[in-house]
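Given the structure of chain A, go ahead and fit chain B onto it with the hints provided.
Heads up: the protein sequence lines correspond to chains A and B, in order.
Under numbering that gives the first Met the number 0, the residue at position 310 of the first sequence is numbered 309, and the numbers go up by one with no gaps.
Under numbering that gives the first Met the number 0, the residue at position 7 of the second sequence is numbered 6, and the numbers go up by one with no gaps.
Hint data in this document are derived by calculation from the structure and do not stem from the laboratory.
Glycine is no exception: its CB is placed at the ideal position from the N, C-alpha and C atoms.
Among the hints, a few may not be true.
Claimed, not checked - With the C-beta cut set under 8 Å, the calculated list includes, among others, these residues of chain B facing chain A:
1. Glu54
2. Val93
3. Tyr119
Stated by the list, open to error - Keeping only pairs whose Cα atoms sit at most 20 Å apart, straight-line, the calculated SDA-like set for lysine to any residue is:
4. A:Lys295 with B:Glu54
5. A:Lys197 with A:Asp163
6. A:Lys230 with B:Leu87
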Amino acid sequence: MTEPIKTDVLIIGAGPVGLFAVFELGLLDIKAHLVDILDKVGGQCAELYPEKPIYDIPAIPQISGQGLVHALMEQIKPFNPTFHLGEMVTTLEKIGEPLFRVTTDRGKVFEAKAVAIAAGGGSFQPKRPPINGIEPYEGKSVHYAVRKMDTFRDKRLVIVGGGDSALDWTLNLAPIAKRLTLVHRRDDFRGAPDSVNKMRALVANGGVDLKIGQVTLLEGGDGQLTAASIKGNDGTVTRVECDALLPFFGLTMKLGPVADWGLKLDDDLIPVDTGTFETEIPGLFAIGDINTYPGKVKLILCGFHEAALMAQRAYHYVFPEKRLVFQYTTSSTNLQKKLGVA
Amino acid sequence: MSDVQELSRDSQSTAKMAKITFVEHDGTRHDVEGEIGSTVMETALRNQIGGIVAECGGACTCATCLVHVDDAWAEKVGKPSAEEEDMLDFAFEVKPTSRLSCQIKVTEALDGLVVHTPSYQGR
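Here chain A stands alone, though its shape is the one from the complex (with noise of 0.2 Å):
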């Protein structure tokens, strides 16, 4: 068995929320980890709207998603959390008083003294296209990622989509697949215009088929696809003979395996003490936009809120000997010292 990564705290979520969790631990003195099923820190202000501005953050009138990301990331800098990106947190259990034992799909263990559950919206996910009866073909036939591009060799590929992710799968499944056809809704594709290039001149030179339209029927039996129809934009439809299909439309936030760590859910957010925020189950919170309390409003400042009185209650479970002293970073030296300000 993989031997389990032990931390204090181990962060669900890296989003703002997760991130400001890093610091309000940090000046207790409380090591963290944390895991985002995202490549990259900072969960929908990354994903959804890094160039948006953010008007509500207190004290700062205005700051882009990605800017509030750097700051925060600055701003942690001095504890030291380590991360794990492009995993999802897969199963969670108590095997102590408390004492969580945390896996994650890439085989991780974790074992904690306490979890914070900062996972916004749940997991970001590829979203499924609303093509009748794609689901059997899921995982067999249909892809939402390529792990390895030796599985679509000497096949026949249908990739859908205009971005980045459909344009560099195409050039880059294109010499090793038998057939490549590429759809997209409309003949404009807003992917890097390098890669919308290279794409034009395979289709120049006949690498790969393009189609403008949008698949409306699978064909196919026990999983395995044998034809895609595509329905064009002046209604002629077009039939592809194919062994792999590919929708790169982009992800969507799905509340995941959370709901499989047996707390009591109210309406897909989980339910917390508003003094704590922890859940239920003692040693377990939950933070931002993933709980709900009467009140609750979804908003990053509110979660930030809720990392700090988290963290207060985390401290009794990692230091259950300890008394907790509070203090401020303004006029404390050894909170200074921590922040390597003093």
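Just chain B now, with coordinates in the frame of chain A:
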């Protein structure tokens, strides 16, 4: 007296409104009022219209507030911006009159607007 005036100034009843009709894909009609200056997406959420998710909250970054503008209104509502057009790539069953409702501002000219919500928002 001044308190009363404050109240009425803040209350929605004095805000200028436009009629908007949402037609769900099963045919259910919702005739509601949208505040001039707000967006069609915000109007949908305030009135709990089925079929509008608005995952990103109106930042034009998720494509889960798709509506199909009624043909009679398509010209008045206008075409999507380049940014919105890019985002429509993430939506499904996109038609020539499809728009993201967070990008349609409610104006006096749109009083009476009819939009159709899709059966699926790509989640």
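Verification of the supplied hints:
no., hint, result
1, Glu54, "holds (6 Å)"
2, Val93, "holds (6 Å)"
3, Tyr119, "holds (4 Å)"
4, A:Lys295 with B:Glu54, "holds (18 Å)"
5, A:Lys197 with A:Asp163, "holds (12 Å)"
6, A:Lys230 with B:Leu87, "holds (17 Å)"
Checked against the numbered hints above, the structure violates none of them.
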